[in-house]
Structure formats: structure tokens, C-alpha cells
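Assemble the whole structure, with the sequences as input and the hints as a guide.
Respectively, the protein sequence lines represent chains C and W.
Going by this note's numbering, the first residue of the first sequence is number 1, and it counts up by one from there.
Going by this note's numbering, the first residue of the second sequence is number 1001, and it counts up by one from there.
Incorrect hints may have been included.
According to the in silico footprint, chain W covers these stretches of chain C (three or more CB under 8 Å from chain W) [as the list claims (entries may be wrong)]:
1. 64-76
2. 88-98
3. 103-116
4. 199-210
Computed footprint of chain C on chain W; a stretch qualifies when at least three of its residues, placed anywhere within it, have a C-beta under 8 Å from a C-beta of chain C [what the hints assert, rightly or not]:
5. 1100-1112
6. 1129-1136
7. 1167-1178
8. 1323-1335
Example chain C residues on the side facing chain W (calculated, C-beta under 7 Å, incomplete) [claimed, not checked]:
9. Ala61
10. His139
11. Pro141
12. Gly142
13. Asn165
Don't read these hints as lab results, they were simulated from the structure.
Here a beta-carbon is modelled for each residue, glycine too, at the ideal position from N, C-alpha and C.
One-letter residues, chain by chain:
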Amino acid sequence: MPVVSIREALNQAMDEEMARDERVFLMGEEVAQYNGAYKVSQGLLTKYGPKRIIDTPIAEAGFSGIGIGAAMVGLRPIVEFMTWNFSLVAFDQIVNNAAQMLSMSGGNFNVPIVFRGPGGAAHSLAATHSQALESIYAHFPGLKVVMPSNSRDAKGLLKTAIRDNNPVVFIESEMMYGEKGEIPEGEYTIPFGVGEVIKEGTDVTIVSWSRILQHIAVKAVGRLAEEGISVELIDPRTIKPMDWELIFNSVKKTNRLVIVEEGWPFAGVGAQISHEVSNHCFDYLDAPVERVTQEDVPLPYAHNLEIASLPNIQKVIRAVRKVMYLD
Amino acid sequence: MNNILPLTKPVTKNLLGIAPEILLKWYDEMLLIRRFEEKCAQLYGMGKIGGFCHLYNGQEAIAAGSIGAITPDDYVITAYRDHGLAISKGVDPRRILAELLGKHTGTTKGKGGSMHLFDREKNFLGGHAIVGGHIPIGTGAAFACKYRGEKRVCLCFMGDGATNIGEFHESLNLAALWKLPVIYIIENNKYGMGTSVDRASSIEALHKKAAAYNMRSAVIMDGNDVLKIYQTVKAAVDHARSSYEPSLLEVQTFRYRGHSMSDPIHGHYRTKEEVETQKKLDPLTVFAEALKDAHLAADEYFESAEARIKSIIEECVQFTESSPEPPLEELYTDVYAE
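Rendered as C-alpha cells:
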């Protein structure tokens, strides 16, 4: 199987879908001549020309809304945010227009659009450039929220997103674009709402996604294995729809759950998972559900404060030991 | 501050050589909108219409003249004062009234209400209730027209208040930069709710905002003159079709009712005298006079038009009252498309 970076995987997904469907186009800041702020759209301008690979001014509300209007009348736009932090300037468009259009119009107009770009913390970018916003977007009925953690999923899920007839919030990780992984040969897609068991285990279930899954949870699981603790690690891949059955079945087996996410604790995605598991697996739980999140503060610039705020391997190990009553 | 229009007769007395049947159709349409809105006011007063309800009385010439200048293939989008424009775009008034009363036969099955009328068949893109939020969408519809190489255009209506929000400015810049076939039409009724234009905008001549984006613009000082509106919008539409270039048009108009049905007709922000002065320039009256002067219609025509419209309104009420509420299963439909 070919080995490609997440950046290349995303590029292939857009390239293949644009070749397949004339209605698909890419629009965003620096996506064309500059080849993308993170080079995800490298080479696409040369291949598809300025009609379909479109540089925008810095006007997120304006170009997001143009994408929504174009989608309402039959096109299938991909709108790139240089980072998801900048989507907050387009929040009105994504929420009031993209998410609610189908319902508000009584089924008259659906909005097949993909909003994509990197989210979460990188290195020392401070509060406004480091936010994990998946819980906010997952809150709104009408949106789907996708967060791949590897090259195979990045490509397969982005192709599904582009073919979806609804607005899709597709959050990549700024820190993972260069990370490589195997992808299947040729054409494939990955459905929404189907998670993956990354590693089977028997003692504790960990649910995690995107960068925190690969950079923190996977390593913590390795360390815990050395202590003789067997963790089942689940990547839901899509936050909305969420693969509840996969999580419930795992918890029914391990009887313990730790959720590890980059976002803040209050009303985070993990809070929802915790509630659903409490409701559906109450009799199976041997300990209260634990969560590892970012501290409930705006993320500071200084490196030591930044790493202190974000989830880390030690925090995950502590949470797992807690649900096993080992501390 | 001088918000009162000059008392003038329509400037386009020669009727521009437009076919009589089209002129009379516009008159009927304006009368239908007027009587429809009066019925809405009555039903709102009876507690049958919920939420916010923004009426179009006084602005009818803009709907008839502007939409008279486009074809059914062209798109129309507007804000929440949308009944009149929807009617002119061909949306069934029975379904509009049913929507206002929250019925399943309404334009959006009772999900959108007064502020969110939509009709895919009629290329009516809404009905939007966040001021300025729909302007990028209308711009996007025009983007799609150009992307597909079509000669369609989008008329994007807004109130004066929308010209101060960011989405207006981002849209105008992008439409001019990318040469998109969109015609922005400001229905300047002098007040964003209770705030007069001079208290909200650093420039009172709102069409001049186009200059910042190197965009063509025009102002229609007499928004009661349906022919002048038609003529100006038609020129902008023709230009958009031939060159893909946008325009910003400002139409000076006046709403007879309060901002919405929950607001008084006059009060702290405008006087009774101002409202009464404006009503003397009623768009229906000036158009009727022009038609009479040109011997295209006599008193009998206007009497028969009243009777025809009255029966349409009665039909709307009957249709609405005999329509069911949406079944509870509708709560979970239209959230995601297949």
C-alpha cells in the first residue's frame, strides 16, 4: 500500500473529487497561487485553473457565505479556513445559514459544502490561534463534524465529505500534516459514523481523536501496557455522527472509560460521551467516567504553560489509574 | 435631517412603451401585496400569526418593478420583510399565508414562518432574518451562475440597516473583484427599526458605498415610481448579463407600518405627520393615476381589480384555515439531507 502524508492524502481526495465532479471547487485564503498556507492544495491550481481553485481576500464571512449560496443552487464548494480559529469570523454563515438552511427552508434548499482546515494547538500560537472547536460545531443540528487522525482516514473521509449533501465541518491538525501512513490503492471512501478500534484491550476504554489520539493517547496506552494495564483505544473518526455502539460495546467489555480530548472541559465532546455512556452503560461501569481535557483557561504562549494546559501522557496515565482505583 | 420625500408625480409618465398588459399585471401585483399585508395585520391582531411579522405596505413598487425586470430563471433573495418580494417572484400567496399561520401547506411546511419564506421552484432563495447574513448567499448564487457560464442574475434585496454590517462590505468587494452578476438593491425606508439612517451610517447616500468597491451604482429617489424602478433595475440586470458585473442600487422608500407588527407605526423615532405625508405619495395611487392619464385603465378597471384581489385573499384565508398543522413527525425531517 502507498505511504503518504496526511497533507498528500487530503490533496489526493480533493484532486480525485474535482476530477470526478465539475461542480466541486476549492476556495480560501492562499489556496491557489501560494499552494495553500499548509500546502494541502499543492499543484491543484496548475491542474484545475483559477476558475476552480480560487484565492480569496481575508473575508471569511463573505467567502463562506458565497460558498453556501453556490451550494444552495447546485455547486459543491470546499471552503478552506487557514485555521479553524478564523471560522469564528464566519460563525453566522456556518450556523445560521449552512447548518439551518435545510430545516428553515422546509427542505427547499440543502447545502452540500465542506468547510475544512487545521484546528487545535500547534506550538506557541497563544489563545486565538490554538482552539479546538469541535464541540461548538457539533452542538448545531444540521452540521456533521469530522476529525481524521491518519492519512487513510483523512483521504477516505474527505471524499465522503465532498459527496455528502450536507454541510461538513472537517477539522485537520496543523501538527500532523507531515505525518505519514498507509492508504489503500485506488478509489475508496470511509463512511461517517463508523469509528475504529485502534487497539483492542480489556481493562479500560479510551476514546480519543485527531492529534491527541496519535500524539498522547497512543503513547500513554503503550506505557500502560508496560504496567500490565490493557487499554482498548477507540478513534470515533467523526464527532457527529458519533459511533455510539462502538463505544458502548467497548465499555460493556472493559467497564471503564477515559475520554482524552484537546478541547476545554465545559460542554466539551467528552461531556456528551460521558453522559451517553452513563445512560446506556450505567450497570456496566465500575468507576465514574474520567476525562482528560485542556485546562479551562485560554491557552498561553509560554511553552511551559502551554504544555501544562494541554492533555499529556502523564495526565492520561493518571486518569486510567484512577478509574482502576490504582492510586 | 430631512427624511421626507419631495412631493412629485412619477417622472416616467410616458410609461416607457411597456406593453399595457404588463403594466396592469404590475398594478394587480402591487394591489395583491397591499391587501395581503393588510390581511396579515388583521390576522396578527387576532393572534393567529405568531413571532415577528414585518409588513411591506408602502414598498410595493419595488417588488413589482424590480422583479418585473428579470425572468423566472433569475434568483431573488431578501431579508425578513419578504412577503411582497415572494409574491412578485411568483410564490403562491396561499402557501405564504399558510406559512404565517404555521400550517403544513406553507412554503416551508411551517418551519420558517414569516421571516423565512423559500421556494426552490420559483428560484426564491429566502427570507433571511439575520441582518446582512443573506448578502453573501445572494452573491454566492450569482457566483454559481457565472461558474456554470449561465446568463442568469441574482437580485439581492436588503434594508438600509444592512449596509452597515461587515457581510455587506465583504460581499460587495468580492462581487466587484470577481465580477459576479448580482444586483444589490437597498430598500432604504429611512429607519433600521427605530434608528434613522443618519444615526446609523456615516454617509446618508447609501448607494455611494459602492464607490469603495469600484462598483456601478444608482439611486432612485422616488421609490413609489414602479416604472423608474423597472427601468433602473433592468439596466443593471442587462449589464450583469452581458458583462457579469454587479451593481448597487438604492431605492428611497417608506414603510407605512412599524418595523414589525410588534412596533408602533409612529412613535419616538418618526412623527405621525411624516407617515401621513408619505402616504400621499402612495405607489398604488401614483401608478393608477399614470395608467389613467395614459388611458390604459379607467375607474372600472381599478374597481374590478379590487374585487379580483379580494377573492384571491379570501381564497388564501380559506386555504390556510382548512390546512392542517404540521404533523409531529415533521419535527425530525429536513435536519440532514440524504
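Tested hints:
With a threshold of 8 Å between beta carbons, the proposed coverage of the segment 64-76 of chain C by chain W holds, since 12 of its residues qualify and at least three are required. Closer than 8 Å: that is the beta-carbon criterion, and the segment 88-98 of chain C has 4 residues meeting it against chain W, so the requirement of 3 holds. With a threshold of 8 Å between beta carbons, the proposed coverage of the segment 103-116 of chain C by chain W holds, since 9 of its residues qualify and at least three are required. With 0 residues bearing a CB less than 8 Å from a CB of chain W, the segment 199-210 of chain C misses the requirement of three and the coverage assertion fails.
Residue count for the segment 1100-1112 of chain W with a Cβ under 8 Å from a Cβ of chain C: 7. That meets the three needed, and the coverage hint holds. Counting residues of the segment 1129-1136 of chain W whose beta carbon lies closer than 8 Å to any beta carbon of chain C gives 5, which reaches the threshold of three, so the coverage claim holds. A stretch counts as covered by a chain when three or more of its residues have a beta carbon under 8 Å from one of that chain; for the segment 1167-1178 of chain W and chain C the count is 6, and the coverage holds. Counting residues of the segment 1323-1335 of chain W whose CB lies closer than 8 Å to any CB of chain C gives 3, so the stated coverage by that chain holds, three being the minimum.
Satisfaction of the interface hint for Ala61 (chain C) is found here, the shortest Cβ-Cβ separation to chain W being roughly 5 Å, below the 7 Å cut-off. Taking 7 Å as the C-beta contact cut-off toward chain W, the hint placing His139 (chain C) at the interface is violated, the least distance being around 14 Å. Because the closest C-beta pair between Pro141 (chain C) and chain W is about 5 Å apart, less than 7 Å, the hint holds. Hint status for Gly142 (chain C) relative to chain W: holds, with the closest Cβ pair at about 6 Å, below 7 Å.
The interface hint given for Asn165 (chain C) holds, since its Cβ lies 4 Å from the closest Cβ of chain W, which is under the 7 Å cut-off.
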